[in-house]
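Fit the two chains together into the complex; they arrive one by one in their own frames, and the hints show the way.
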Amino acid sequence: MPSLIDIRRRIRSVKNTQQITKAMKMVSAAKLRRAQDRVIASRPYGALLRKVLVNVAAAVAGDQTMGAHPLLARREERNVLLVLISGDKGLAGAFNANTIKGVQRFVVEHPQASVQLELIGRKGRDFFRKRGAPIHAEHIGLAAKVVYEDVAAIARQAMEMYRNEEIDAVYLIYNEFKSVVAQKLMQSRVLPVDLPQEQAPVDYIFEQPPAEMLGSLLPRYVEMEFYRALLESAAAEHAARMTAMDAATSNAGEMIEKLTLYMNRVRQASITKEIIEVVSGAAAAE
Amino acid sequence: MADSFDLEIATPERLLVKEQVNELQIPGKDGYLGILPGHAALLSELGTGFLSYTCGGSKRYLSIHGGFVEVLPGQVRVLANVAEKAEEIDIEHARKDLQQAQEQVMNPALGVDPAVALDAMAAAQARIDAAEKK
Chain D
0 MPSLIDIRRR IRSVKNTQQI TKAMKMVSAA KLRRAQDRVI ASRPYGALLR
50 KVLVNVAAAV AGDQTMGAHP LLARREERNV LLVLISGDKG LAGAFNANTI
100 KGVQRFVVEH PQASVQLELI GRKGRDFFRK RGAPIHAEHI GLAAKVVYED
150 VAAIARQAME MYRNEEIDAV YLIYNEFKSV VAQKLMQSRV LPVDLPQEQA
200 PVDYIFEQPP AEMLGSLLPR YVEMEFYRAL LESAAAEHAA RMTAMDAATS
250 NAGEMIEKLT LYMNRVRQAS ITKEIIEVVS GAAAAE
Chain W
0 MADSFDLEIA TPERLLVKEQ VNELQIPGKD GYLGILPGHA ALLSELGTGF
50 LSYTCGGSKR YLSIHGGFVE VLPGQVRVLA NVAEKAEEID IEHARKDLQQ
100 AQEQVMNPAL GVDPAVALDA MAAAQARIDA AEKK
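Chains D and W are the protein sequences, given in the same order.
Take 0 as the starting number for the first sequence in numbering that gives the first Met the number 0 and just add one per residue.
Take 0 as the starting number for the second sequence in numbering that gives the first Met the number 0 and just add one per residue.
Misleading hints may appear alongside valid ones.
[Said to hold, decoys possible] Per the computed footprint, the stretches of chain W lying under chain D, defined by three or more beta-carbons under 8 Å from a beta-carbon of chain D, are: (1) 5 to 16; (2) 21 to 31; (3) 34 to 48; (4) 66 to 72.
[To be verified] Partial chain D-side listing against chain W, Cβ under 10 Å, derived: (5) 58; (6) 151; (7) 202; (8) 215.
None of these hints come from the bench; they were simulated from the model.
All residues carry an ideal CB built from backbone N, CA and C; glycine is no exception.
Just chain W, same shape as in the assembly (with noise of 0.2 Å):
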């Protein structure tokens, strides 16, 4: 059996990725799900949280939030919301939307609507993750 499979993942604004790869790891709705060669035709939804997978020995990692993967014998396409290369998150950044969010979470007296701001939290705590391990 082949030892690797075609990874697409792609936002509405552009393609991210497109590449064979020999593992990988995304994260589904309900909890984490690992894909390696050969896997059944799978569909999911995606929640938020890091994505990584190994091509040639070298391990990559993605933030993501929101979406969803197609899984097929010999290809994965992910459809990300919103993704993010590690190498290209801005860490202060998502640091600094990670604080704001939280406080948001903390205060309702700031009128946001508490569930977009634990949406908001979880997506700048990916992008956090994500860019750490790199």
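The following block holds chain D by itself, in its conformation from the complex (with noise of 0.2 Å):
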């Protein structure tokens, strides 16, 4: 049985980790609050963006007289850049493994494509690196504080590739955050660009030619994917970090209230023991 000490110095142990986690909790707290605030700020851009581009695609699609944008070009995928944005840090729970799950899975299910691995974050780094994976690029500390000009020179470079045809197409696998208990792995394809369609384009005067147009605003398109979805893993990682945290709080109180009653119980049995060792010397005595 261990004695009393030995109990109580783990409920001291038990009780700084508890704290350490509850201050992890209230600090990712307040992370998340101002990630989100980035995402919901960056929205109003990205919908704007959406909607200029769809008028302006259909305003070219009726236009027969110009060829198909380069980033626009459909290849078959042989060459993948597969960009993996994962967090700098661990103790969130699965998010990082899950991003690393994403990648495994897109490669079993691109059996033909030789993939390049682009990473964002040390975790998904750390782990590709040491397995000796095809690594074109790595990325690391951009999370802490995503900056629209650092993640548009990751996306040009990107672009430049494809247009190259160095790589067929691209890739991103990142969480997005949903909730704060719920991050969902998403696998978007950022090149070629998908373009989306409307059923009533507005006719607008043109300043410029809609082609030239469009040769601008692809590439803003194709960077804004990629810093929404950085601004999107970022507001996941800190949510799912909190999340974790919580729990281990809670486990840690679970187990401090267990020790603190295994400790009475020693300490009641010691106490039992003496007694009866008292009474029974007395009884011998007599």
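Structure, rendered in structure tokens:
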């Protein structure tokens, strides 16, 4: 039977852990709010961009004289760039493991393609580096503060490779923020661009030729996809960590309760034992 | 006819302006565009410069650097790559940027792509213009 002191020490250690998990939960909650605000702040632009793109695309589609834009060109998917967005830190439940699983599933589902990885986030990088997977590029520390220009640079590089036909498709794998308790692993193709369709396009006056506008809108659209994915992933990471830490805190609470009960039992047992000793000692002396 | 229309100005990072305005001037790629209520539907790329609009008698300014504008009857949406409200612009910083960009343009030995430097120069100039107007 462990001694009273041992159990007390155990309880103290669990309490310490609980304090840490509680603090981490609070920090994640605060960061989550900020990340969520940024997701919401980026939405109007994304929505507007999409609408404008639809209308321009419709105008261009009516114009037979111009060929397809290189970012729309479909090719057989032989070389694929897979962009994985994971977190830089652990302790977020299944957040990072899910993204890694997503990549593995992707590879299994696309046996004919040679997949190159572009890894955003330390956890994903560590995993695939250790296993010697073909890594095209890696970016670490982006998610802590998502800056549009940084993300756009990654997107531009991918587009450049696509234009040069080094790669035939670009996919994103990331966690989407659904709610505080739910993240959804998303797999989306960003290149070639799938133009959203609309029934009744507006008849605009075009200051610049539609084809030219499409040429400058498309890269912007792809950049925005990357940016949005990264923002979503950042929010999802904080949400996942918050939930994980909340669970850890309540688990620690349960454990403390159990240990306290156990400790009291041990204490009582030792008191009982002492009494018995005294009583039986007295009985023997009589 | 209504004497005002909806104006939304958004950058990838945030929604900057969402207001009812009476009059709008935007820096199009091929020159400034004036928009009044009831304008026909129009799409244009944005250049670099300052955007101004009147709303309730007061005039506001923003600096704009690249992007798109969509004009619909009763509604204008500006998708700016970079935009700043005049009152938020740090004019000293903009001046410094302008100077740096000018040096880069004048001095090719610095190894900066002249197109990039010119672009930066125009952006800095637009910020100074907008800030001085407020």
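Hints the structure fails to honour: none
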